[in-house]
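Residue numbers (our numbering), protein chains in the order written: chain R, 1 to 94; chain U, 95 to 565.
Calculated from the structure, these hints are not laboratory results. Glycine is no exception: its CB is placed at the ideal position from the N, C-alpha and C atoms. A few of these clues could be false.
To be clear about the criterion: a stretch of chain U counts as covered by chain R if any three or more of its residues have a C-beta under 8 angstroms from a C-beta of chain R, and this derived list gives those stretches [as the list claims (entries may be wrong)]: (1) 263 to 274; (2) 435 to 449; (3) 521 to 530.
Cut-off 27 angstroms, straight-line C-alpha distance, at most; resulting in silico cross-link-like pairs (DSSO-like, lysine-lysine) [stated by the list, open to error]: (4) R:Lys31 with U:Lys463; (5) R:Lys24 with U:Lys202; (6) U:Lys432 with R:Lys24; (7) R:Lys68 with U:Lys317; (8) U:Lys183 with U:Lys374; (9) U:Lys463 with R:Lys37; (10) R:Lys68 with U:Lys102; (11) U:Lys102 with R:Lys24; (12) U:Lys102 with U:Lys183; (13) R:Lys69 with U:Lys199; (14) U:Lys201 with R:Lys78; (15) U:Lys137 with U:Lys126; (16) U:Lys432 with R:Lys3; (17) U:Lys501 with U:Lys436; (18) R:Lys78 with U:Lys199; (19) U:Lys470 with R:Lys37; (20) U:Lys501 with U:Lys463; (21) U:Lys317 with U:Lys501; (22) U:Lys432 with R:Lys69; (23) R:Lys89 with U:Lys501; (24) U:Lys381 with U:Lys481; (25) U:Lys432 with R:Lys4; (26) U:Lys322 with R:Lys69; (27) R:Lys31 with U:Lys501; (28) U:Lys558 with U:Lys497.
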Amino acid sequence: MDKKEIINLSELARIELSSQEIEKIQLDFEKLLEYAKQLQQIDTTNIESVLRGSKARNVFREDIVNEKKLNQREILIKSAFDIEGDYFKTPPVF
Amino acid sequence: MIKKLHQKLISKEITAKELAENYLEKIEKQDKEIKAFISLNEKDLILEQARIVDEKINKGEEINLLEGIPFAVKDNILALGTRTTAGSKMLENYESGFEATVVEKLKKQGAILIGKTNLDEFGMGSSTENSAFFITKNPSDLGRVAGGSSGGSAAAVKSEMVPFTIGSDTGGSVRQPASFCGIVGFKPSYGTVSRYGLIALASSMDTICPLVNSVEDAEIVFKAIQGKDSMDATSQTLCEKDNSKLNIKNLRIGLPKEYFEKELDKEVKECIEEAIEKIKSQGIEVKEVNLPMAPYALPCYHIIMSAEASANLARLDGIRYGKDKDLRIENLQGLYFKNRGKNLGSEVKKRIIFGIYVLSSDNYDAYYKKALQIRKLIIEDFDKVFKQVDFLLTPTTPFSAFKIGEKANNSLAMSFSDLLTVGANLSGMPAISLPCVVKQNTLPIGLQLMGPYLSDYSLLNLAKFIQQIIN
């Protein structure tokens, strides 16, 4: 995998990387991909994909307001980058 | 140990206040060196909770087993009134916005939260060297790692700075440090303990677990934290009854041949084989079995974990949990790039990027989909083997605790310490690591037992029996 591809992936991930980090990731990727290649030895034609080990099924519940948890807003916005009133504030989109 | 402490409390041999003070003193003395804790709760708050327990005892009221017992949680689990850093600079100042269900349950039963323990950033690592803050040392040998990612939780229990801790296990992150430190780490069946309030790494495998001194303690804590929770859609009720009448002598234990092959250190192999002989001498049937997919579990895990992590960690956008207000930022994209670039560690960045790679449309079929299919085959492998035997016995890790720095630059080599543990996460089944002490003056070695999905109580009962005969 070349550097350009790592840079492209880091852009998709919205992560700024230094040139040293790009080199390190490039090296680690080669090892990881080589290691992951083993899976190609197994024929998986017609094998179902599973997303988890447990036999969970989908259930629904009523959307009930938990009065006890209404005061969370104050704590939640405390960690924000910036706020205005009760809103998160971000830099301009463009 | 928990029962003993409880006895001491109700017989008034010690007060809850004294108990809490004793542990806080130990932390003050030892943690400068071991570095298991990222943060401690305020002493006044801890002692006030202890005072309430003492008052109950003095009035002659009955108290719960966990009442007045101090505990700590891994710092990727939210607890009101604490910061939850996940071992990351990104969340250095993040105040827990709500209470994790496990913490709520333990507090309700009267256990006293005293602090938050160190971990590899977001649980990514096997040595706690990837914490953004400091490295936790192994209490058995300060030059060695405590394991990871729940290294702080394991080291705190081993050095008796707290009677029990809560960790999380995605690929072995509780069993591996328990093995490295010489304590018990129990990963329950996926879904039996609510994940609400755990900062997600890989949601289909993350499991909240107790780290304790004995199997009895693991059972006490598991009983206290398990149960369906409306806040976690994947949580469920464990229908299995507390299986204390299990006839252990009739059980069949399988030794998966693939788990005893090449990568195993000689000391580990000898230690486990000695334990196997002791088990056999009790008249229990032990036989070799095959798990042909076992060698594919770790590469399969790497792909699935990275893919899920890349999605879970996308929430770290720098807006809701951002830290740097003084970065020079022109627009929203810049905020994402700079915050994530500056505040995430290199292992985290790599895994997010690898996750995005395996999920991208060009590579999806070859990597992610392939891994999901292999996961199915791995689960089928276990299902088949549990028709031949009731439980599986393996080493927890192929080698014992390594030296600090030894594998720091080779994360793939480090991940081999998860070789024998990831299977239980991919399949969801319960697994426990017990200290397998054979010789004095050697590093701790862990013995792992695994059981069919939702056989948690039977597994704990077998583990209690084995704990007795190997020590």
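If you check each hint against the structure, which ones fail?
Per hint list: 1, 5, 8, 10, 11, 12, 20, 21, 22, 23 and 28 violated.
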